[in-house]
Every structure is written in C-alpha cells, then in structure tokens.
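Given next are the chains, with one letter for each unit.
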Amino acid sequence: MFIPVTLSLLEGMVTTLKLFFLTLLFALPLGLVISFGSMSRFTPLRWLVQTVVWIIRGSPLMIQILIIFYGPGLIFGLPLLPRFTAALVAFAVNYACYFSEIYRGGIQSVPQGQYEAGQVLGMTKTQIFFKITLLQVVKRIVPPMGNEMITLVKDTSLVRVISVYELIWMGETYIKKGLIWPLFYTAVFYLILSGILTILLNQCEKKLDYFK
Amino acid sequence: MSILEVNHIEKHFGPTKVLNDISFSLEAGQALSIIGSSGSGKTTLLRCLNFLERPNGGTIAVNGSVIFDAADPSTQIEKDIREKRLHFGLVFQNFNLFPQYTALQNVTLARELRAKKKGGESREEILQAGLALLEQMGLADRANHYPHQLSGGQQQRVAIARALALHPDILCFDEPTSALDPELTGEVLRVIRSLAEHKTTMIIVTHEMAFARDVADQLIFMDSGVIVEQGDPKEVIDHPKEERTRQFLARYADN
Ligand SMILES: Nc1ncnc2c1ncn2[C@@H]1O[C@H](COP(=O)(O)OP(=O)(O)O)[C@@H](O)[C@H]1O
Ligand SMILES: [Mg+2]
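As they're listed, the protein sequences go chains A and B.
Each residue of the first sequence is one higher than the last, beginning at 1 in the numbering used here.
Each residue of the second sequence is one higher than the last, beginning at 1001 in the numbering used here.
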C-alpha cells in the first residue's frame, strides 16, 4: 500500500508545487508594484492601495478563493474560471499584498542618508537604486520573505475548498477507503518542502551576512 | 576671483524661514568655518550648496560662473544639477558609508560609475587613486574592511576619502566629529588639518572652537538663519563684536 499511496500523494504534490511556484512568480513582482502604490506621493492612489491591502490581508484567504471562483458567476453570470486558475489568482493577489508590506518595510528602512550620499557623489537615481539601496533592501527582506514562503507552502492546502486536487485532497481520498494514515503522511511532504526552503533561505541570509 | 560666491541665499520649509539672506565668498585654498547653535541653519546651508535642498532665493557661483540662480529655472535642470553637485563634496555628520562595500569600494564606486558612462580612467587607475587616498587618511591597512568593521573615526576618514575621490572644488564638512566618541575626534581633526595645510578649499561646520580658531582662514557665526558675524577666526572668537556671538561663545567656554 505504501508505494501506491506515495505515488498518488506525489501527484497531489505536483499541483501543490505548481501553485507554490506560480504564486511566487506572480506575487513577487506584483507585490513590488503594490508597494510603490502604497508609498505613492499621490494621496488618492496611496489610500486606495492601502485600503485594498488592508482588506486582503484582513480577510481569510479561503473566502478570497471562494469569491474568485464563485463570485463572477454569482454576481455577473459569467462562466467560472478553471479551478486552478481561480486558486492561483487568489493566491497571487493575496501574497502580493503581504509581500508589498515587506518590500515597503525594506525600502523605508534604508536611511535617507544612503540616497543623499549617492546623490552628493553625482550618481543618478537608477545608479543609487541598483548600486546602493537594492542590496540593503534585499538583506532586510530575506528573513520576513522566508516566513511568508513557508506559510505559503502550508496555505496551498486551502485550495481544496474549490476541489483542486492538491496534496491534502489526495490524502483525504483514502479516508473513504478506510485508510487514515495517508492523510497524516502528507505532513511529511510539507515538512520536506519547508525544510528545503529553510535551508535555501538560511544560505541566502548567510551570503548577505558580510555587511551590516 | 573667489572660487565660491554665495549671494542672498534664502531657504524656507513651509512658513519657517531657515536661511535668510546668506552671502559670503571663499577664496581657493582657504578654509571657512561655520559655527552656531543647533538649529541655526548650518546643515541646511551645506545641503543647499550640495543641492540636497533647493534654495528659494539667491545665487551660487563657482569660479566666477553662476551655477544656481533661484530666479532662473534654466540653472535648475535636474540633469545639470547632478553635474554641478560635483563642484562640492559633502562629509556627513554620521558618515553614511555604503555598508555593503569595503572602504576602498566606497571610495572608488562613484568614480568607476562615471568612468563606465563617460570613458576616461581605467579601473586600475581608479583603484590606485583610491588606495592613495586611503593611505593619505592613514587607512592603507583598512582598504578591504567593511564599514561595520571600522571605528567611527576610521569610518569618517573613509567618508572624507570618498568625498575627495571626485576632486570637488570645495569640500564641505557637517560637524564631522559630532557623532564620534571624544577619543576619536583627534584622528579626524588631524586629517582635516592636514587637508587645510595642503590648501584644500573647505567649509567646515563644527563645534570644535579651538580647531576652528586654529585651522580656518575665515569664520562665520550663524544664528536663526542669518550670518551674525564673520571675519578672521581669531578675531571673532577672541573679540566678538556682536552680543549674540558673545553669548554663544560664553556658553561654549562654560562647557
Ligand atoms: N526638511 C525640513 N523640514 C522642515 N524644517 C526643517 C527641515 N530641515 C531643517 N529644518 C529646520 O531648519 C532649522 C535649521 O536646521 P539645521 O540646518 O539642521 O540647523 P543646524 O545644522 O544649524 O543645527 C531647524 O529649525 C530645523 O528644524
Ligand atoms: Mg546640523
């Protein structure tokens, strides 16, 4: 039984991994755009972006998944999005909002004096961003980003509310067949994934340890 | 002809006037010291010279040509301002070294970026020049240290080397020793003194009265955004003419 169970769980794992990586792919850049919006000097834009971020961070991701999957049909009579696509949209937007706050914290924590020192040396804004502030921002955001990514690994299990066949869903199918252990066994897969992630992130942090 | 002529500079933040009709000139190879109590506008004045703030009124001329005129927008184009900044160097109170770069990289970064854009010097030349500057600051053996591995006095000397690397016409210091432990001020003041001996044109905002009296060729006392008194440093410090100067100096004598 062990090998067939493992294989079918791996199948669920592929969906989980796909969701994980695609969420990062979209949420990392989108988060940066949102963070610029939330720091905009144009007040209406700043308020709008900050309100959206508040709503999305302040409400359960599970509800957001349900809204994006059923909402367009219920409200506008539109056809449903494919399940995985709906899940991905909800995740990308939700995580982009979390990431945007991390970016914002990172960017705002670079002292004004760093920009000014660059300016006084005749550097352009672009040079200052790429040569001076970027690495300092990266150093500051790696630890909180790491936390979010590990949360994301586990959050992927939420998509089973719209019947996306991810890891836990696959584990649950065995309960109907009278097997309970495959469900608990799924935890091992999450642990391995977050374990790998932790190691990678630690290496990242170590690499940036040479300056303060 | 003066290397620097500042005429009728005004600066306000909202309704508060921080600089009011500031005029002075500086000859090449001379050191000007600016003293004054905290909040009198000294930092703002240096920031105006380095275009970190835009004056609301007045003109700034370097080597006889007006590089900034508050009344003439054609002197305020961002791209040109970036070049005009290079007439001035600025050493900050709290160093503002780039933490991810070594002492040497801090000194060479801006010059390398310029060489990459405009051609000219080779990397090797820039490195050699950077090393020579660090050596001049007594930091030859610290070239490959990162800022957090250096003492405050060493960091400030790296910052001075960094400012000198671009050969500014006028080097400005904003209280270069105020952020330092007392036992570290000496090494930084020694470096500035030797720059003065080598006829570097400088503006030094400082609270080190003895140093200003000794090293500067000219002294300005500022209060509430205006120049109250200016002249020969020994003259002003030993025989102040204005009541406000007297009071300020008396407070310093007490401390
Ligand atoms: N960006 C700013 N916005 C508003 N007020 C400022 C700003 N920068 C400086 N000031 C004010 O200008 C005055 C002069 O400040 P500053 O030039 O730093 O004086 P000093 O360097 O002589 O201590 C102070 O009252 C200060 O509060
Ligand atoms: Mg000041």
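Don't take each hint at face value.
What the hints assert, rightly or not - To give an idea of the interface, some chain A residues facing chain B are shown, with a C-beta separation under 10 Å as derived from the structure:
id: 1; residue: Q114
id: 2; residue: A117
id: 3; residue: L121
id: 4; residue: G122
id: 5; residue: Q127
id: 6; residue: G146
id: 7; residue: I150
id: 8; residue: K154
id: 9; residue: T198
These are calculated hints, taken from the structure and not from any lab test.
Idealized CB from N, CA, C, for every residue including glycine.
Do the hints match the structure? See the list:
1. Hint status for A/Q114: holds, given a least beta-carbon distance of 6 Å to chain B, under 10 Å.
2. Given hint, A/A117 at the interface with chain B, holds; its Cβ is 4 Å from that chain's nearest Cβ, closer than 10 Å.
3. This hint holds: A/L121 has a C-beta 4 Å from the nearest C-beta of chain B, less than the 10 Å allowed.
4. Checking A/G122 against chain B: minimum C-beta separation of about 5 Å stays under 10 Å; hint holds.
5. Because the closest C-beta pair between A/Q127 and chain B is about 6 Å apart, less than 10 Å, the hint holds.
6. A cut of 10 Å between beta carbons decides the hint on A/G146: the least distance to chain B is about 20 Å, and the hint is violated.
7. This hint is violated: A/I150 has a C-beta 26 Å from the nearest C-beta of chain B, more than the 10 Å allowed.
8. Hint on A/K154 is violated. Least Cβ distance to chain B is approximately 33 Å, over the 10 Å limit.
9. Below 10 Å, beta-carbon pairs count as interface contacts, and A/T198 has none with chain B, the closest being about 24 Å; its hint is therefore violated.
Violated hints, in rising order: 6, 7, 8 and 9; the structure is consistent with all others.
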